[in-house]
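Participant: What follows is the residue order along each chain.
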Amino acid sequence: MDRKRKSVIDTYYYNRDNSSKKNAIYCQQIDRFILVDDYDYWITFKTANVLSSKVAVTVYLLPSKNNNIDNGNCMNYSIFNKTAFKRSNVAELIRNQNPSIRKLESNNLLESGIPEDYKSPEGVHNLIKLKNYADFVNKFVYATEISNSKNTIDNKTIPNSFFAESWNDMFFSYEDKFNERSLYNEINSILYYSESIEEASSRIMNVFYQALNDKNITLAKVKWFYALANEENPFPEI
Amino acid sequence: MIDENQLFYFSSIDPKNKFWQNVHPKASEAGKFYIDITKRLNPHRFCSRDSSEWSMPWNQTVPDKFKMLDYDPNFNKTFEEVTDEHAYTIKSGVQAGKKYALMYSGGMDSTCTTVALLKNLTKEELKSVAICCSIHSIIENPIFWKKHLDGKFKIFDSNEHLYEDYINMGYTPITSDEGDCIFGTSIGLQLYHNYDYYVSLQHSSVQDNLLKLKYKISDSSVHYTAYKDILIRYFSFDETEEGLKFGKLLYEKYHRNILTCTVPVYSLHDFFWWLIFNVKYINCSLRGAAYYSGSIEFEKAMNSIENWFNAPGYQYWSMVNNNNGMKIRNTISSYKQVQREYIRDFDKNDWYFFFKTKLESLNNLNLRGKNNDYKKMMKYMVGVTDNYEYFCIPEEGEPIDQTGYKGKYREDKEVKEFYEEKMINFKLDWLND
Chain A
8 MDRKRKSVID TYYYNRDNSS KKNAIYCQQI DRFILVDDYD YWITFKTANV LSSKVAVTVY
68 LLPSKNNNID NGNCMNYSIF NKTAFKRSNV AELIRNQNPS IRKLESNNLL ESGIPEDYKS
128 PEGVHNLIKL KNYADFVNKF VYATEISNSK NTIDNKTIPN SFFAESWNDM FFSYEDKFNE
188 RSLYNEINSI LYYSESIEEA SSRIMNVFYQ ALNDKNITLA KVKWFYALAN EENPFPEI
Chain B
3 MIDENQLFYF SSIDPKNKFW QNVHPKASEA GKFYIDITKR LNPHRFCSRD SSEWSMPWNQ
63 TVPDKFKMLD YDPNFNKTFE EVTDEHAYTI KSGVQAGKKY ALMYSGGMDS TCTTVALLKN
123 LTKEELKSVA ICCSIHSIIE NPIFWKKHLD GKFKIFDSNE HLYEDYINMG YTPITSDEGD
183 CIFGTSIGLQ LYHNYDYYVS LQHSSVQDNL LKLKYKISDS SVHYTAYKDI LIRYFSFDET
243 EEGLKFGKLL YEKYHRNILT CTVPVYSLHD FFWWLIFNVK YINCSLRGAA YYSGSIEFEK
303 AMNSIENWFN APGYQYWSMV NNNNGMKIRN TISSYKQVQR EYIRDFDKND WYFFFKTKLE
363 SLNNLNLRGK NNDYKKMMKY MVGVTDNYEY FCIPEEGEPI DQTGYKGKYR EDKEVKEFYE
423 EKMINFKLDW LND
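Here the protein sequences line up with chains A and B, keeping their order.
Numbering of the first sequence is given in the working numbering, commencing with residue 8 and proceeding in unit increments.
Numbering of the second sequence is given in the working numbering, commencing with residue 3 and proceeding in unit increments.
Chain B extracted, bound-state conformation:
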C-alpha cells in the first residue's frame, strides 16, 4: 500500500503514456486541467521550488541541491564575475584531479560555459575537460567549433553516451540545462514573436492599447496583468470554450503562484522568467539524471552532475537583474543579452552576438539513438520518490525492459491506483477572486 502522503522529488505527465488519457475522464475538474497542461506545455513536470503556492495532486518537494535560495536584493556581482568565479570552481576541481565532461549543444548556454572554461583554465587544465556533442552541435555554431574546439579537446559523441557513461568513466558531467531558467523561458519568446497576431484575436476596442505595449515586455512600469487577456488566449489549447477555460485556469495558477512568492515579479518577461525559474526549474535540472542514467541510481546521478547555472551566484544574479536589459530588451533579438556580451568579449564574433537565435538546442544532445531501451522504460516513468524510487505505469501488454537498470523501481497495480485516486481528488484551489 502506498502512503497517500508519499513525497516525490520529480514527476512527469507525459502524453506519450496513455495512462493519463485513460484516467482523464475519471479525474476531477482540477485533475483534468492538470493532465491537459500537456496539451499546451509538454511534457508537464511542474513543481514550485520555493514556498509560493503551486498545488499539485500529490505531495512533491525539491531536492536540497535545487531549492531556491533566499532573495538577496543587495547582490551586486555582474554576470561576468559570477561566470568567471564559477569557472574557478571547475579549475579547482581539475587541480584536485577531477575530469569533466562538458555537454556542448552549440546553443548559447553551453557556449557560455565553454567560453568560461576556455577563458579561465590553462591549456594544461583544459586537457581534463572533454566535450560531449553531436554533429548538430557543430551546425549550430560551426565558426566557434572550427576556431576553438576542433582538434583541441577529447570529443565524445553525445548520441552514443548517457550521463552514466561519463560518470562511469570517471568524469563529472557538466550541464548548462538551467540556462533558460536564469533568463526566462522560450514559452515567452514564442508569444513575443507572435505578439501582433495575439493582439488581433482580442476585441477591437483594446487592440490599439495592447499594440502600444508590444515593446514593453521587460519594462518595470508595465505589470504583466496588463497582458492578461493575451496570456489567457496564448495559454488556451484551442479556441473552444473548453480551451479558453483552460487558458484562464493556467493563467490564474501562475498568477496565484506569483502573488505568493517572495521575489519581485513585475513585467511580462518577469512572468515568463518566474515560470521557469520556479515551477519549470526542476524539469530542466533533473531530466538529465532522470532520463539519461539508468545503470546508476538516481541519487548518485543527480549528485554527480554539475548543473552549471544552478550555482548560487547565478541564482542570486537572476533574482536581482530583471528589467534592466540584461535578460532581454524589447524583442526576442536581445534574449540573453548579457550572455551574448560575455561570449562576444571572448570570440569577437559579431554574427553570433547580433543574430544568434535561441533554439531548443538540448535536442542536439539527447538523441541518444543507441540507448533507446532506457527511453522506452522512461516513457512510463511517472514519478521519483524522495527515497529515489521510480514509479512507473507501463501500458498493458508492454512490460518494461529493466535490463541494466540498477535503481529502485516499482510498477505494480498500486502505483496506478495511487495516481488515479490523486487525480480524482485534486481540487481547484488557486482561483483568485
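Pulled out of the complex, with its shape left as it was, chain A reads as follows:
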C-alpha cells in the first residue's frame, strides 16, 4: 500500500495497534450517545442503519485517548461542538435519516447527564427503551453478519448486488424454498420494523422455527446464531 493511501486509511483505523478503539452511535435528537462498541465499526454502522427506522443517528469513531466513555455510561455524553459536522453543506443535525460515519476529535466530548427534555419518568423510560433496543440490535447484527458470512449458502448479497435483476429472476434459488429474502436479511428487516425487543425476539424466533421445520437450517446453526447474539437459544431441543 503506498504511503499516501495508507495515511488516509489510518485515520479511520487509528487504533488498530492497541485495544482501546471505540466506535459509537450518537443520536442527534437527544444529543447523547446511545451505544459504544469496541469491535467492528462497520457493524456499528450497520446497526445504525437498522436503528434509522426509529432514530436519526450518526456513527462516530471516538478518539483513542478518551477512555472514560463506554457502553454503560455513554448516554451521559454529548458532543461539545457539532458545527463542523455537515453533509452537502447542511448541518448533520437536520440533514438526513441515513447515518454517516464521522471522526471525533479528542476534546469534543462533553459529560452532560440526562437530556433536559427527558427527565420525566416517561422520558427516562423511553431513553432506557432506546438504549436497550440499540444494544439488542447491535448483538443481532453481529450474529447475522457473521452467520451470513459463514453460511454463504443462504447469502444472496452477491446476486442482489452485482447481478442484473433479470438474472436473479431467471433462476430458482435454494433459499426461495423458504423465503424471498435470505434468512439473515429477513432478521435484519425484522429488527428494522419491530417496535420493541419483545416483538423482534418473537418474530426472529418464528423465522427460525419455520426454517427448522422446513429443514432449511440445522439446529446447530441456530444454536450458534443465538450464542453469537449472546441470547438464550429458544430451541434447545426440537
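Hint data in this document are derived by calculation from the structure and do not stem from the laboratory.
Because the structure is a prediction, the values reported are computed rather than measured.
All C-beta atoms, glycine included, are put in the ideal place defined by N, C-alpha and C.
Among these hints, one or two may not hold up.
Cross-link-like lysine-lysine pairs, in silico, DSSO-like; alpha carbons within 27 Å at most [as the list claims (entries may be wrong)]:
#	chain 1	residue 1	chain 2	residue 2
1	B	LYS20	B	LYS415
2	A	LYS53	B	LYS148
3	A	LYS126	B	LYS218
4	B	LYS41	A	LYS93
5	B	LYS216	A	LYS93
6	A	LYS138	B	LYS148
7	A	LYS136	B	LYS350
8	A	LYS53	A	LYS228
From chain A, some residues computed to sit far from chain B (all C-beta separations above 12 Å) [claimed, not checked]:
#	residue
9	LYS28
10	TRP49
11	VAL64
12	SER71
13	LYS136
14	SER209
15	ASN213
16	TYR216
17	LEU219
18	ASP221
19	LYS230
20	TRP231
21	ASN237
Got chain A; can you put chain B on it based on the hints?
Facilitator: Leaving out everything else, chain B in the frame of chain A:
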C-alpha cells in the same frame, strides 16, 4: 426601461448565480451585506409580510394569499382543533369532486397533514388523495409507511414530477412547506444544539451567566436580547472583523424588524420563530410555485397549490402559542411538541414521538432529477414581479433554455442594470442606537 419602483412578489439571491458576486464590489455597504446574507443563510429570499420594518434594495410586497393576518390574542382553538378543521376543508373539496396530491416527505409536517386526512376522511374519500413521495420519504418514517400508506393510496414518485404535472392531471397539490413557519426555524435549532460551544466563544466573565440560560430558550421571562452576543457570533460568517460585523448587522436587522412588529416576540425561540413566520415565510410558501412549475404561469401555480399550514387557523394559533411548551420546551428534542402529540394520538408510535429529529425533509421531495432543465433556468431567476413576470440574469455565454416555459419572462440587459443600481443605492437604515 424598468420602472425604478417596480414591485416584486418574490426575489432570490442565490450564490450559484455569479451575478451577485460580480456586483458585490460595486455595491454599497448595505448592498454588500444583503448579498453576504447568503454566506450564512442560503438562499436568501427574505421579505416582511406584515408592516414591520425590513428594508430591501427594491420594492417588494407579499401576495394576498400569504399576507400576515392580524394578531388575535383571544384566539383559543387548540392545534388539534385547527388541524381537524382544516382537514374538513379538504373533505369538503373531495365531496365537491376535487382530487388532491399530497406532498409527503416523511417529515413531521407532512406526516401531520397525512394523519389529519387519514383521521378525518372516509376510506372512500381518501381514494381522491394521491401521495407524492420518494424513497427518501419512506426511509424517514418506514413504520408509518408500512402501516398507513403502503398499498392504500395512489403513489406518485415526486422525483419524476413537478407541481405543474399534478395540476395538469387535475390534482390540487397540498404542500406542508410552511410547517416550520408555524413552529420556528431550524436555524434556531442549530444554535440550541451547539449552545455550549457558542457560549465558550464568549468572554469568560459572561460564560457562567449564559450557561444558566441554556434551557431558557422558550421562557417568557428571558428576553432574546440576553442572548445578543451569542446571536451575533452565531450569525457571523467567520471569525474575522468583517464576519463579526456582518453578524451584528444581521442581528440588528432582525431586532429592528421585531421592534416594529405588532405580535409579541419575547424569548429566544420567539426570535427564531418570528424570523421564519415573517421574513422567511415567503421563501417557504412560494418556492414550490416559483421553482417547480414552468409550463403553467406563476400566478396559476401559486393559486392552485394548497399551502396546508397557511390556513388562517394555523396562522392565528401560531401567534398566540409562544412559550407554553407547544412549539418547544428546553431543547431541540421537544421541537414541534404539539404536532408530535397529534401524530402519536393517531399512530401510537412512541419512537416517533420521543425520537423523531427535525430534518430538512423537503429535500426528500425536490430532487426531481428528470426535470433539470427547469432547475437550470430557475438558477438564474432573481425576481418575480407583481405582474407575475420572471426576471432572470443568466451568465454570459449560457443562454437560458426556455423550452416548455409558458410564463412571462425577461432576461435583457436592463434587468441586470436594474439590480446593479439597486445594490449600489441600498442604504443601512436599520441600525438602532
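Participant: If a hint holds in the structure, say so; if it doesn't, say that too.
Facilitator: Going through the hints against the structure:
Note on LYS20 of chain B and LYS415 of chain B: the hinted pairing holds, with a Cα-Cα distance of about 15 Å set against a maximum of 27 Å. With a CA separation close to 21 Å, the supplied pair LYS53 of chain A and LYS148 of chain B stays within the 27 Å bound. With a C-alpha separation of about 16 Å, the suggested pairing of LYS126 of chain A with LYS218 of chain B holds against the 27 Å cut-off. Straight-line distance between C-alpha atoms of LYS41 of chain B and LYS93 of chain A comes to about 15 Å, which keeps the hinted pair within the 27 Å bound.
Taking the CA atoms of LYS216 of chain B and LYS93 of chain A, the gap is about 23 Å. The hint holds against a cut of 27 Å. About 24 Å separates the Cα atoms of LYS138 of chain A and LYS148 of chain B, which keeps this hinted pair within 27 Å; it holds. As the CA atoms of LYS136 of chain A and LYS350 of chain B are separated by approximately 16 Å, the hinted pair is consistent with the 27 Å bound. About 22 Å separates the Cα atoms of LYS53 of chain A and LYS228 of chain A, which keeps this hinted pair within 27 Å; it holds.
Under the 12 Å C-beta cut-off, the non-interface status given to LYS28 of chain A relative to chain B holds; the minimum distance is some 26 Å. Against chain B, the non-interface label of TRP49 of chain A holds: every CB pair exceeds 12 Å, the least being about 20 Å. In this structure VAL64 of chain A is not separated from chain B by more than 12 Å, as the shortest Cβ-Cβ distance comes to only about 9 Å. The claim that SER71 of chain A lies off the interface holds: its Cβ sits roughly 23 Å from the closest Cβ of chain B, which is beyond the 12 Å cut-off.
Against the 12 Å criterion, LYS136 of chain A falls within the reach of chain B, whose nearest CB is about 8 Å from its own CB. Its beta-carbon lying about 17 Å from the closest one in chain B, SER209 of chain A satisfies the requirement of being farther than 12 Å from that chain. No beta-carbon of chain B is positioned within 12 Å of the beta-carbon of ASN213 of chain A; the least distance is around 18 Å. Annotated as non-interface, TYR216 of chain A keeps its C-beta farther than 12 Å from every C-beta of chain B; the closest such distance is 23 Å.
Consistency note on LEU219 of chain A: stated as away from chain B, and its beta-carbon is indeed over 12 Å from all of that chain's, at 27 Å minimum. The Cβ of ASP221 of chain A sits about 26 Å from the closest Cβ of chain B, beyond the 12 Å cut-off, so the non-interface label holds. With a least CB separation of 31 Å from chain B, LYS230 of chain A remains clear of the 12 Å interface cut-off, as annotated. At roughly 30 Å, the least C-beta separation between TRP231 of chain A and chain B is larger than 12 Å, which holds for a residue marked as non-interface.
Residue placement check: ASN237 of chain A keeps its beta carbon more than 12 Å from all beta carbons of chain B (closest about 24 Å).
Taken one by one, the earlier hints fail for this structure at numbers 11, 13, listed in ascending order.
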